[in-house]
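The working numbering puts the first residue of the sequence shown at 1, with every later residue one more than the last.
Treat the hints with care, as some may be off.
Unchecked claim - Quick list of simulated restraints, FRET-style, between CB atoms: (1) Glu82 - Asp47: 17 to 23 Å; (2) Met1 - Glu86: 32 to 38 Å; (3) Asp63 - Glu11: 28 to 34 Å; (4) Arg15 - Ala88: 44 to 50 Å.
If you're looking for bench data, these hints aren't it; they were derived computationally from the structure. What you are looking at is a predicted structure, and each value in this text was computed from that prediction instead of being measured. Idealized CB from N, CA, C, for every residue including glycine.
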Amino acid sequence: MSDAELADLRERAARGDQDAAAQLVELAGERGDAAELRQLAESGRTDAMDELVQLAAETGDLDVLRRLAAGGSRDATDVLAELAEEDATDDGT
Numbered sequence: 001m002s003d004a005e006l007a008d009l010r011e012r013a014a015r016g017d018q019d020a021a022a023q024l025v026e027l028a029g030e031r032g033d034a035a036e037l038r039q040l041a042e043s044g045r046t047d048a049m050d051e052l053v054q055l056a057a058e059t060g061d062l063d064v065l066r067r068l069a070a071g072g073s074r075d076a077t078d079v080l081a082e083l084a085e086e087d088a089t090d091d092g093t
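Model the full assembly from the supplied sequences, consistent with the hints where possible.
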């Protein structure tokens, strides 16, 4: 997708076009663009929050997961709990 097409999607999403916002979430998730996902999540896109949690879990970004959990993300809290369990049962081999 070209920069112009991406800018058009952002503009449409800002005007309330839900399809454009959903496309932005999908594209940001594919690119691993945490900043865009964060911005979309802050604008109320729950699918962006889900993608952000997934991205942080995949990259092992505990700081982001902790911030999201502190902000009320149940999914981030669950991922942190799972990671803590894995660490507790890891025997180091």
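Right, here's what the structure says about each hint:
no. : hint                      : in the structure
1   : Glu82 - Asp47: 17 to 23 Å : 21 Å, holds
2   : Met1 - Glu86: 32 to 38 Å  : 36 Å, holds
3   : Asp63 - Glu11: 28 to 34 Å : 31 Å, holds
4   : Arg15 - Ala88: 44 to 50 Å : 48 Å, holds
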